[in-house]
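S.K.: Use the sequences and the hints to build the structure in full.
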Amino acid sequence: MAHIHFPEGLPGILGPMAFSPATAKPLNALAEVLLRGPNSLSAADREMIATYVSSQNDCYFCQHAHGAVAAYRMQGNEKLIADIKVNFESAAISDKLKALLAIAGKTQKGGKQVTSADVERARQQGATDKEIHDTVLIAAAFCMFNRYVDGLATWAPADPEMYRENGKRLADVGYVHSTDNLPAAQK
Amino acid sequence: MAHIKLQEGLPGIRGLLVFSPETAKPMCDLVQVLLRDDHTLTRAEREMIGVHVSSENDCYYCQHCHGSTAAQLLGGSNDDYALIDQIKWDFEATPISDKMKALLAIAGKVQMGGKHVTTADVERARKQGATDKEIHDTVLIAAAFCMFNRYVDGLGTWQPHDPEMYVEIGKQTATKGYVNRDLSKRLESLATK
Chain A
1 MAHIHFPEGL PGILGPMAFS PATAKPLNAL AEVLLRGPNS LSAADREMIA
51 TYVSSQNDCY FCQHAHGAVA AYRMQGNEKL IADIKVNFES AAISDKLKAL
101 LAIAGKTQKG GKQVTSADVE RARQQGATDK EIHDTVLIAA AFCMFNRYVD
151 GLATWAPADP EMYRENGKRL ADVGYVHSTD NLPAAQK
Chain B
1 MAHIKLQEGL PGIRGLLVFS PETAKPMCDL VQVLLRDDHT LTRAEREMIG
51 VHVSSENDCY YCQHCHGSTA AQLLGGSNDD YALIDQIKWD FEATPISDKM
101 KALLAIAGKV QMGGKHVTTA DVERARKQGA TDKEIHDTVL IAAAFCMFNR
151 YVDGLGTWQP HDPEMYVEIG KQTATKGYVN RDLSKRLESL ATK
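Protein chains in written order, with the working numbering: chain A, 1 to 187; chain B, 1 to 193.
Please note that a few of the clues may not be correct.
Below, computed lysine-lysine pairings styled on PhoX-like, alpha-carbon distance capped at 20 Å [what the hints assert, rightly or not]:
1. B:K25 / A:K130
2. B:K127 / A:K112
3. B:K133 / A:K25
4. B:K25 / A:K25
5. B:K127 / B:K101
6. A:K130 / B:K5
7. A:K109 / B:K115
8. A:K85 / A:K109
9. A:K109 / B:K25
Part of the chain B face toward chain A, derived, beta carbon under 7 Å [claimed, not checked]:
10. V18
11. E22
12. L30
13. I96
14. G108
15. M112
16. V122
17. I135
18. H136
19. A143
20. R150
21. G154
22. V167
23. K176
24. V179
Keep in mind the hints are simulated off the structure, nothing from the lab. None of these values were measured; they are calculated from a predicted model. Idealized CB from N, CA, C, for every residue including glycine.
M.R.: In structure tokens:
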């Protein structure tokens, strides 16, 4: 059971967002810019960073919600997403994305863990300042989202089909209006 | 030196906000709602949550900016600054309310990881009169600082050890808050300092 009273039946972050629309708005706006805004990193790559950090933080809801968006954007390749979570260094992704995931993993442990060598590795694979910046901020933001979702002990459904449908919707429609019609007043 | 090329002379998150205005806006909006909007917890109390988490995350810039803001909101005396330092050392031994102690305990658990927050932690806060909204906001403030701290340290930003600078930042923030109608203008004015 969740630590506070949410409208029932809302999975993961949707309960807290229905509870607190005033904070949901900037949270969704931040996710939209980071994960779907104009960027030289593909939306799939950015969702993979989010998925990997959520997995390292052991947040069931976030890693499956964003893993599903990433898989949908990769023609349904769920195995690739699973491979990244187990060991991204041996997954079938670019060397640049591997270097960025390494930075994201350090950020997850703590900001000071990111070293000049980590950044240098990413640069050698062609990463720009903006890509490095966005990687750190996506990783940092998911350290927030994951704590928000788990710190309030929200409900995470286990049904993979729900995450697939939700992933397709988030990929197609985005985050800004994703919580507009939550049943805040319903039971 | 920072890990990416930032405008010189802007400490901590300020260089990052100038580097990336499109992410600066929702981040400033979030912190304004969490730390400034009307609330049953005072602005100083909410800043204390940010300070405790930033201190646990060992983020020099954030703990000193928000520590100074909290002290200024309390009146800005040396005693106010001393109280903030004591909260960082051991909040359970400070003269803050039992409700704030219970909320800081929840914030400390969130800093370690969301799953560390227990029903007993929440029950303790409720017994001291904490509402659902106060518990929700404590968790989200703590979580948000786990983001801000990682953002500031993860990019290796410049964080001067100049107490006077943090007093100034605390005074400004205590008065003006985090959101200016024209963020870019505010950032420009920071850049010229």
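S.K.: None of the hints should be skipped; say for each whether it holds.
M.R.: Right, here's what the structure says about each hint:
1. B:K25 / A:K130: holds (17 Å)
2. B:K127 / A:K112: Roughly 37 Å between the alpha carbons, so the hint for B:K127 and A:K112 is violated.
3. B:K133 / A:K25: Roughly 17 Å between the alpha carbons, so the hint for B:K133 and A:K25 holds.
4. B:K25 / A:K25: Answer holds: B:K25 to A:K25 is near 12 Å, not above 20 Å.
5. B:K127 / B:K101: Cα-Cα ~12 Å, so holds.
6. A:K130 / B:K5: Holds: A:K130 and B:K5 sit about 10 Å apart, inside 20 Å.
7. A:K109 / B:K115: The hint holds at about 16 Å.
8. A:K85 / A:K109: Given that 20 Å is the threshold and the Cα spacing comes to 16 Å, the pair holds.
9. A:K109 / B:K25: violated (26 Å)
10. V18: The hint is violated - B:V18 has no Cβ within 7 Å of chain A, the shortest such distance being about 12 Å.
11. E22: Check passed: Cβ of B:E22 comes within 5 Å of chain A, closer than 7 Å.
12. L30: holds (4 Å)
13. I96: violated (21 Å)
14. G108: Hint on B:G108: violated, closest Cβ of chain A at ~11 Å, above 7 Å.
15. M112: violated (9 Å)
16. V122: holds (5 Å)
17. I135: holds (5 Å)
18. H136: holds (6 Å)
19. A143: holds (4 Å)
20. R150: For B:R150, the interface hint holds, since the closest Cβ of chain A sits about 4 Å away, which is under 7 Å.
21. G154: Nearest chain A Cβ about 4 Å off; hint holds.
22. V167: The hint is violated - B:V167 has no Cβ within 7 Å of chain A, the shortest such distance being about 24 Å.
23. K176: violated (18 Å)
24. V179: Hint violated; B:V179 Cβ to chain A Cβ min 10 Å, cut 7 Å.
Consistency with the previously given hints fails for numbers 2, 9, 10, 13, 14, 15, 22, 23, 24, ordered from lowest to highest.
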